[in-house]
Amino acid sequence: MTDYKNLLTLLVRGGVQFVVVGGVAAVAHGSARTTEDLDVVYGRSSSNIKRLVEALSPTNPYLRGAPPGLPFKFDEKTVTNGLNFTLITNLGPLDLLGEITGGGSYEQLLPYSLKVVIFGIECHLLGLERLIQVKRAAGRPKDLESIAELEKIMERANPTK
Amino acid sequence: MKDKTIKIEPDPVIEVYKKDVDMTLIDENLKLSVEERLRKLFRMQELIEELRRATREATNDRL
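Going line by line, the protein sequences match chains A and B. FYI, in this note's numbering the residues of the first sequence are 1 to 161. FYI, in this note's numbering the residues of the second sequence are 1 to 63.
Any given hint could be a false lead.
Stated by the list, open to error - Looking from chain A toward chain B, a few residues come up when the C-beta cut is under 10 Å (computed):
hint, residue
1, Val24
2, Ser31
3, Ala32
4, Gly92
5, Asp95
6, Val116
7, Phe119
8, Gly127
9, Arg130
10, Ile132
11, Leu144
12, Glu145
13, Ile153
14, Met154
15, Arg156
Claimed, not checked - Computed list of lysine-lysine pairs in DSS-like fashion (alpha-carbon distance at most 25 Å, straight line):
hint, chain 1, residue 1, chain 2, residue 2
16, B, Lys18, B, Lys7
17, A, Lys50, A, Lys77
18, A, Lys5, B, Lys31
19, B, Lys18, A, Lys142
20, A, Lys115, A, Lys50
21, B, Lys7, A, Lys142
22, A, Lys152, A, Lys142
23, B, Lys19, A, Lys115
24, A, Lys115, A, Lys5
25, B, Lys31, A, Lys152
26, A, Lys152, B, Lys18
27, B, Lys7, B, Lys19
28, A, Lys5, B, Lys40
None of these hints come from the bench; they were simulated from the model. All values derive from a computational prediction rather than experimental measurement. No residue lacks a Cβ here, since even glycine has one placed at the ideal position from N, Cα and C.
Please model the complete structure; the sequences and the hints are all you need to start from.
Structure follows, in structure tokens:
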């Protein structure tokens, strides 16, 4: 089970620049679907990667689904040399995304995000329309029901669209 | 927040899927705050974990 509250708290208190995307963002917009991981798009600046590594290291991030014992070290070099990481942490599954299809980087997504206060912390959540665009661009069959639901939510909010 | 400038064009495949969306569940969620929606997700996750645990135990008991 993912401890979203503590994962988000670690990131925010660590000063990490990120936007929440994926299933958790969909739930925040009203989706009735469930999800089991937290997806965030993080800023790729060296200072942000440093903060990201410092914030998450106590949770022992490791490659999700990989056999134990691989020489994986969650440090600044690894994050800098990589881009997207599907991780398991002590607080649950976490997808760290440097870029997403159809949405791009943290800097490109930020103007399309909402600032929300949850559990007493302030974080950025991808806006509904952009979330729909990103899910459409990903082109995954498993997202079709989710996209349909998000578009219905959008129609509820803006009946003319 | 620039979301209002984004135009989502209808997609015929997604339009078909929309017919099966249960709006009663969504309308209930839209009455909640963002934090309440996330808390609801956590409770659902707890239920799922508990069901998985119980099912695992029941399955192991039969073996």
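Structure-based check of all given hints:
no.: 1; hint: Val24; in the structure: holds, 7 Å
no.: 2; hint: Ser31; in the structure: holds, 7 Å
no.: 3; hint: Ala32; in the structure: holds, 4 Å
no.: 4; hint: Gly92; in the structure: holds, 9 Å
no.: 5; hint: Asp95; in the structure: violated, 16 Å
no.: 6; hint: Val116; in the structure: holds, 5 Å
no.: 7; hint: Phe119; in the structure: holds, 7 Å
no.: 8; hint: Gly127; in the structure: holds, 4 Å
no.: 9; hint: Arg130; in the structure: holds, 6 Å
no.: 10; hint: Ile132; in the structure: holds, 6 Å
no.: 11; hint: Leu144; in the structure: holds, 5 Å
no.: 12; hint: Glu145; in the structure: holds, 6 Å
no.: 13; hint: Ile153; in the structure: holds, 6 Å
no.: 14; hint: Met154; in the structure: holds, 7 Å
no.: 15; hint: Arg156; in the structure: holds, 7 Å
no.: 16; hint: Lys18/B with Lys7/B; in the structure: holds, 18 Å
no.: 17; hint: Lys50/A with Lys77/A; in the structure: holds, 9 Å
no.: 18; hint: Lys5/A with Lys31/B; in the structure: holds, 21 Å
no.: 19; hint: Lys18/B with Lys142/A; in the structure: holds, 14 Å
no.: 20; hint: Lys115/A with Lys50/A; in the structure: holds, 23 Å
no.: 21; hint: Lys7/B with Lys142/A; in the structure: holds, 23 Å
no.: 22; hint: Lys152/A with Lys142/A; in the structure: holds, 17 Å
no.: 23; hint: Lys19/B with Lys115/A; in the structure: violated, 31 Å
no.: 24; hint: Lys115/A with Lys5/A; in the structure: holds, 16 Å
no.: 25; hint: Lys31/B with Lys152/A; in the structure: holds, 15 Å
no.: 26; hint: Lys152/A with Lys18/B; in the structure: holds, 7 Å
no.: 27; hint: Lys7/B with Lys19/B; in the structure: holds, 21 Å
no.: 28; hint: Lys5/A with Lys40/B; in the structure: holds, 13 Å
The structure fails hints 5, 23 (numbered hints given earlier, in ascending order).
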